[in-house]
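Sequence lines, in order, name chains A and B. Going by my numbering, the first sequence runs without a break in its numbering and finishes at 384. Going by my numbering, the second sequence runs without a break in its numbering and finishes at 384.
Hints should not be assumed to be uniformly reliable.
[As the list claims (entries may be wrong)] Just a few of them, taken from the derived set where beta-carbon distance is under 8 angstroms, the chain B residues facing chain A: (1) Gln111; (2) Val113; (3) Asp114; (4) Arg117; (5) Ala163; (6) Glu234; (7) Gly312.
[To be verified] Taking CB as the label site, the calculated pair distances span: (8) A/Arg24 <-> B/Glu141: 31 to 41 angstroms; (9) B/Ala345 <-> A/Gly340: 49 to 59 angstroms; (10) A/Gly340 <-> B/Ser119: 36 to 46 angstroms; (11) B/Lys41 <-> A/Ser175: 49 to 59 angstroms; (12) A/Arg353 <-> B/Pro202: 48 to 58 angstroms; (13) A/Arg344 <-> B/His369: 22 to 32 angstroms; (14) A/Ser175 <-> B/Pro325: 43 to 53 angstroms; (15) B/Ala12 <-> A/Gly142: 47 to 57 angstroms; (16) A/Arg24 <-> B/Lys41: 35 to 45 angstroms; (17) B/Asp176 <-> A/Gly340: 20 to 30 angstroms; (18) B/Arg353 <-> A/Thr42: 36 to 46 angstroms.
[Said to hold, decoys possible] To give an idea of the chain B side of the interface with chain A (calculated C-beta under 8 angstroms), a few residues: (19) Leu103; (20) Ala104; (21) Leu178; (22) Leu224; (23) His307; (24) Pro330; (25) Val341.
Simulated from the structure, these hints should not be mistaken for laboratory data. Don't be surprised by glycine CBs; every beta carbon is placed ideally from N, CA and C.
Number of protein chains: 2
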Amino acid sequence: MTQAVRHDSMRARNLGVVLGEVRRSGPITRAALAEITGLTKTTVSKMVGDLIEAGMVAESGALRDGERGRPGTAVALSGRRVAALGLEINVDYLSACVVDLTLAVRLRYTQAVDNRRASPVETLSHLEELAHRAVEEARGEGLSIAGSTLAVPGPVDGGLVHAAPNLGWHDVRVSDLLGFPVELDNEANLAALGELWFGSVPGDFLHVSGEIGVGAGLVVGGTLFRGARGLAGELGHVVVSPDGPACRCGGRGCLEQYAGQDALLRAAGLAGVPELLAHLQAGERGSLEACQRAGQALGVALTSAVHLMDPGTIVLGGVFAPLFPWIRDPAHETMTSRLGVMRRAVPELTVSRLGGDAATLGAAGQVIHRVIANPWSHLATTRP
Amino acid sequence: MTQAVRHDSMRARNLGVVLGEVRRSGPITRAALAEITGLTKTTVSKMVGDLIEAGMVAESGALRDGERGRPGTAVALSGRRVAALGLEINVDYLSACVVDLTLAVRLRYTQAVDNRRASPVETLSHLEELAHRAVEEARGEGLSIAGSTLAVPGPVDGGLVHAAPNLGWHDVRVSDLLGFPVELDNEANLAALGELWFGSVPGDFLHVSGEIGVGAGLVVGGTLFRGARGLAGELGHVVVSPDGPACRCGGRGCLEQYAGQDALLRAAGLAGVPELLAHLQAGERGSLEACQRAGQALGVALTSAVHLMDPGTIVLGGVFAPLFPWIRDPAHETMTSRLGVMRRAVPELTVSRLGGDAATLGAAGQVIHRVIANPWSHLATTRP
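Could you build the full structure based on these sequences and the hints that come with them?
Structure below.
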């Protein structure tokens, strides 16, 4: 390493330390930053200057410094310039959102499309249009997009979607088919991170994403559990009944075949979720029974998940959020009757406030968290 | 904090750093230790002196120091004085082992006892006898026991076994019933740690302990995954068939009801594992079919576990180790047919070399790892 490279890497690390502390502490003076980080006041002032110039931090008025009593000008994270694009391809919709550096949601689009009837190229071209629209509108508000993450309903390996059986995708190299750079991640993982950063549940939970597929993301101590190859959390393919109906994954009797959106609508004899909700509210028996059975199957799969993963609480999101009043009780009763002896308490079942937006928000949030952890590489790309 | 306390806590930390480095590096000179740890040579020499006096480290001959070329006397971990006691209560046996500071196994006892026919007090009094025998024999070899951990077949909360349904234990406060201090942990967790420290599988695996109960411990990146409340890994109660036979846990159709040792022997119409092995080796049909069905049930439960936890490899231990030649294929075929589409590769099924000893070894290993991480508190208790 040359002297210059070493110096840059030290500056990069310190810049991350300073910005991280600004995020944690809220409005804070340069003097307090120097004291907390152990850096000199001169170094901190220079770095804060760079961060202000990059629009990542802004002065936020005078603040009296605790013990010393000398007022200083405080700085805080600024949401006025840097933002991130979150994208999602799911089986029956596309969505996009823009989140700024303070994690404020600046815009959100969802578009219903049946992506099963489209080729990967067509779907990705629709997504590209949606992304461009979002980026243009964000630019109109003075925002500059630092990066984007795309949530897909299947396991991901670098830029490749290995298998998204509900989309009919196999080995789709998304990075080659999109006209802009994007990070890929699994929808259920990003939904769990969305719940962690934008939701109301503290740091230990299993977030269940009910869509046409059913996925889950486990957060323990504020960290997403990904397993050895990043493929953990496929709750939708947990075996509910070993000789049950065949699933697109190649297995039989997977949870998706009982509680996935399509399976549920089929059991209720209905075409869409709004119709199902209307029937449930009207107390229509077939729909109530379909939800009862889906909730029981969910309870069986969650019993296995609780025994294996020991989550703090369980948060139901996606389509399970609007359906919560009808599936909560059968799922909870099934879990209680099966888990009661082994555990003092069965994990609580709660509902996500984010519903179907969790994955798109998590996707954007992931970019913001990376920028805050490593502002130097962001500065390097935005400088002339 | 007083000056003296602060100084002690700094010494304690540094002592752990020095001993940890000795363990990692093998024979190493004091000069090299000073260079790696950043401590002064005087400090390192004083600490090495204390560790030699405590019998935790010993001089191991001259070693030439890489660049400098000046030979120095190397020190290495010593197994001659400090040791740990590992204990296990399982449904049909008790066991004890003594492991020294270098993780060499110094002695091992297993005693077949049907603990279902005994009260917790009786079982713990048997265990106490076994422990005393082990400690006496270790003393005869000049070893001093730094601590002990006890593996139990059920979830643990501090000194309390909340529920070990296969033993018939509910809320047994072991710490009050044993005449010596012991740490409690779940058998499946300790077996996974035993595999990590004493086995042959690298750092990403799910270790399955087949006993009368079936448990599992997941190791990711060399760390045991415990879940939010320390209750993760209860593979034996993963639902194989939701309407299957009732289980002692309160559920139905749990894996234990198909592949636990009792269920397997019942299906084969035999009384013990040695008999079952003899029948299998003789190609007796009923026993082969019983193993086939147990292997398939294990494959269904592992399919759910792989989808949820994404382990690197799967290591079968306990009674599944001697039965491996007969249950591996049905389990692997079941997993392959169910997991194939979603995953490029199904996790490999391997056999533990430790068999039924994994938990007892993990229990002793846990004490040794704590002593090495914090030798100061060990010195404090052994000093006059």
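Outcome of the hint check:
no.	hint	verdict
1	Gln111	violated, 27 angstroms
2	Val113	violated, 24 angstroms
3	Asp114	violated, 22 angstroms
4	Arg117	violated, 21 angstroms
5	Ala163	holds, 5 angstroms
6	Glu234	holds, 4 angstroms
7	Gly312	holds, 4 angstroms
8	A/Arg24 <-> B/Glu141: 31 to 41 angstroms	violated, 53 angstroms
9	B/Ala345 <-> A/Gly340: 49 to 59 angstroms	violated, 37 angstroms
10	A/Gly340 <-> B/Ser119: 36 to 46 angstroms	violated, 24 angstroms
11	B/Lys41 <-> A/Ser175: 49 to 59 angstroms	holds, 53 angstroms
12	A/Arg353 <-> B/Pro202: 48 to 58 angstroms	violated, 42 angstroms
13	A/Arg344 <-> B/His369: 22 to 32 angstroms	holds, 28 angstroms
14	A/Ser175 <-> B/Pro325: 43 to 53 angstroms	holds, 44 angstroms
15	B/Ala12 <-> A/Gly142: 47 to 57 angstroms	holds, 54 angstroms
16	A/Arg24 <-> B/Lys41: 35 to 45 angstroms	holds, 39 angstroms
17	B/Asp176 <-> A/Gly340: 20 to 30 angstroms	holds, 25 angstroms
18	B/Arg353 <-> A/Thr42: 36 to 46 angstroms	violated, 60 angstroms
19	Leu103	violated, 24 angstroms
20	Ala104	violated, 30 angstroms
21	Leu178	violated, 23 angstroms
22	Leu224	violated, 12 angstroms
23	His307	holds, 4 angstroms
24	Pro330	violated, 13 angstroms
25	Val341	holds, 4 angstroms
Hint violations for this structure: numbers 1, 2, 3, 4, 8, 9, 10, 12, 18, 19, 20, 21, 22, 24, all remaining hints satisfied.
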